[in-house]
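K.L.:
Assemble chains U, X and R onto chain F, guided by the hints.
4 protein chains.
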Amino acid sequence: MAIQVSVIGSGAEHEERAEAVGRLLAERGATVVTGGLGEVMAAAARGAKSAGGTTIGILPGETRSDANPWLDHVVVTGVGHARNLAVVASGDTVIAVGGRYGTLAEIGFALTLARPVVVLEPGWEVEGALPAATPEEAVEFAIAAARPSS
Amino acid sequence: MAIQVSVIGSGAEHEERAEAVGRLLAERGATVVTGGLGEVMAAAARGAKSAGGTTIGILPGETRSDANPWLDHVVVTGVGHARNLAVVASGDTVIAVGGRYGTLAEIGFALTLARPVVVLEPGWEVEGALPAATPEEAVEFAIAAARPSS
Amino acid sequence: MAIQVSVIGSGAEHEERAEAVGRLLAERGATVVTGGLGEVMAAAARGAKSAGGTTIGILPGETRSDANPWLDHVVVTGVGHARNLAVVASGDTVIAVGGRYGTLAEIGFALTLARPVVVLEPGWEVEGALPAATPEEAVEFAIAAARPSS
Amino acid sequence: MAIQVSVIGSGAEHEERAEAVGRLLAERGATVVTGGLGEVMAAAARGAKSAGGTTIGILPGETRSDANPWLDHVVVTGVGHARNLAVVASGDTVIAVGGRYGTLAEIGFALTLARPVVVLEPGWEVEGALPAATPEEAVEFAIAAARPSS
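Residue numbers (the working numbering), protein chains in the order written: chain F, 1 to 150; chain U, 1001 to 1150; chain X, 2001 to 2150; chain R, 3001 to 3150.
What the hints contain is simulated information worked out from the structure, not anything from laboratory work. Check the hints yourself; a few may be wrong.
As the list claims (entries may be wrong) - Example chain X residues on the side facing chain F (calculated, C-beta under 8 Å, incomplete):
| no. | residue |
| --- | --- |
| 1 | SER2065 |
| 2 | PRO2069 |
| 3 | GLU2140 |
As the list claims (entries may be wrong) - Derived coverage of chain F by chain U (criterion: at least 3 residues anywhere in the stretch with Cβ under 8 Å from a Cβ of chain U; other residues may be distant):
| no. | segment |
| --- | --- |
| 4 | 10-23 |
| 5 | 64-74 |
Unchecked claim - Just so you have them, the derived chain F footprint on chain U, three or more residues with Cβ under 8 Å:
| no. | segment |
| --- | --- |
| 6 | 1056-1066 |
| 7 | 1070-1080 |
| 8 | 1085-1097 |
Fair warning: this is a prediction, and the values are worked out from it, not measured in the lab. Just so you know, even glycine gets a beta-carbon here, dropped at the ideal spot from N, CA and C.
The following block holds chain F by itself, in its conformation from the complex (with noise of 0.2 Å):
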């Protein structure tokens, strides 16, 4: 099994980083799993497909008519904001591309699994999450702090 890496964010004016994130995850062989919505979490699963890439996207939903159009593989899970949790779970890394409280939720959620978190600056600052100053870098800390949480 490939490794999963999380991109969590929102915000249309972090699009291009997140977009880029994805591609770079893509290149280094990690499937993305993103919230599966718009934003952030298309322009993840759209870098991603660009470099030929796997995409899951885990829906808040009861059914996928809002998923974006770079999924590979949708979960529709049908618990709201619930479904925030099991975004950050499915991840062996979680990075997070700008976003507001629902991002917060997932950082919590993130650190309270032992699942790493990187947040790509400008972003929420948390301790214990680790800053990344580009989506290079973000990458390359997800990337080396991945271990399947088995």
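P.N.:
Okay, now just chains U, X and R, sitting in the frame of chain F:
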């Protein structure tokens, strides 16, 4: 995106039929989604992989340590039995093979969400679910009924 | 802490019997737990309040706006149908009154978690659930079977 | 229905302040909602009961065996850390006392759902949460901000 069919159930005595279901689904190009653990879930994934298919496991726990070895992608939900909702919601159709009360909950959720349910006999008899006599028939029914949930 | 009995189900035609179940549970000192919405859930809570009982509603949405007006305490789960797990897990026993597929999922979960389930006839026939002919009998069975889940 | 205030957090060193928060909330007529386990959660419930208040615990596990003894009503969710969403969603306001990453996830969820969050200092510093210097001030802020979520 390929059609996704969720295979649910439990019971070691049903593994052979579950493996046939997984294999036949893969031969039809469907991605096989399961709860990611043992018995029927493992057999369905094993069958799919034997035919070169793609498999996704949606786990109840907080790590992938309980995942069976025939999964291409693992979603770690952390929500215990509530992951049953995600298992059936992620299928365009659902096939039940054996199973006890957890499977009954999944059938209830699948029908709540208007996912077509095929029960490979002998199994739970639920009004609204479609009985099938053989793995071949179950897969035939499931593929025919599969319409993307969007 | 008082015994907690979860009343599940749906269907406007079952409201009268659900109200009787709620009233009888309150007369026996049990707290009535429901999914907090309408029909059977509202009727059970209304019945309990008519006898001075205590009621708890466990809602699927993200606000209490859908809560019926007969609840003393409201738990807002935000997890959609997955809140069905919490509804039955929170009961020392479960009584089903009418109901469709959501109720079937709840019966499946309740039996998975070893919560005794009483089905007020006519209703779902599930091996392992105890049928009762009248509200009086259902409550009698439920109180007798209730043992704190610890 | 009484106002419901969720008290979140962890850390044995914060118990005294959490007990004061629970007591003051009860004196103001608010129902105290917590995650139902130990340390800050237990202390807040204990404080509320010392003032004759009402307490609700929303547990992560599948039984009530981990519940602290100061709870009037116990909701057993079975969804692990995802119950954090229910804890904050069930409060008209949220008060954080101490806490680590689980508390950070709760603050993120609370603000996602537009629940006002008061952080008793010293604690997590999150833009959008209101810092309070003393238990008295935290309760004052929380009661003032509490508006039923409907």
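K.L.:
Can you confirm whether chain U covers the segment 10-23 of chain F, using C-beta to C-beta distances below 8 Å and requiring at least three such residues?
P.N.:
Since three or more residues must qualify, the claim that chain U covers the segment 10-23 of chain F is violated, with 0 doing so at under 8 Å.
K.L.:
Do the numbers back the hint for PRO2069 of chain X, that is, is its least Cβ distance to chain F under 8 Å?
P.N.:
Because about 24 Å separates PRO2069 of chain X from the closest Cβ in chain F, which is outside the 8 Å limit, the hint is violated.
K.L.:
Verify the coverage statement for the segment 64-74 of chain F against chain U, using a C-beta to C-beta distance below 8 Å and requiring 3 or more qualifying residues.
P.N.:
Satisfied; 7 residues make the cut.
K.L.:
Does the closest beta carbon of chain F sit nearer than 8 Å to the beta carbon of GLU2140 of chain X?
P.N.:
36 Å, violated
K.L.:
Can you tell me if the segment 1056-1066 of chain U counts as covered by chain F, using C-beta to C-beta distances under 8 Å and a minimum of three residues?
P.N.:
holds (count 6)
K.L.:
Holds or violated: is the Cβ of SER2065 of chain X closer than 8 Å to a Cβ in chain F?
P.N.:
15 Å, violated
K.L.:
Closer than 8 Å, Cβ to Cβ, for at least three residues: run that test on the segment 1085-1097 of chain U against chain F and report holds or violated.
P.N.:
holds (count 4)
K.L.:
Just to make sure I understand the rule, a stretch counts as covered if three or more of its residues have a C-beta closer than 8 Å to a C-beta of the chain. Does the segment 1070-1080 of chain U meet that for chain F?
P.N.:
holds (count 9)
Hints 1, 2, 3, 4, counting from the list given before, are not met by this structure.
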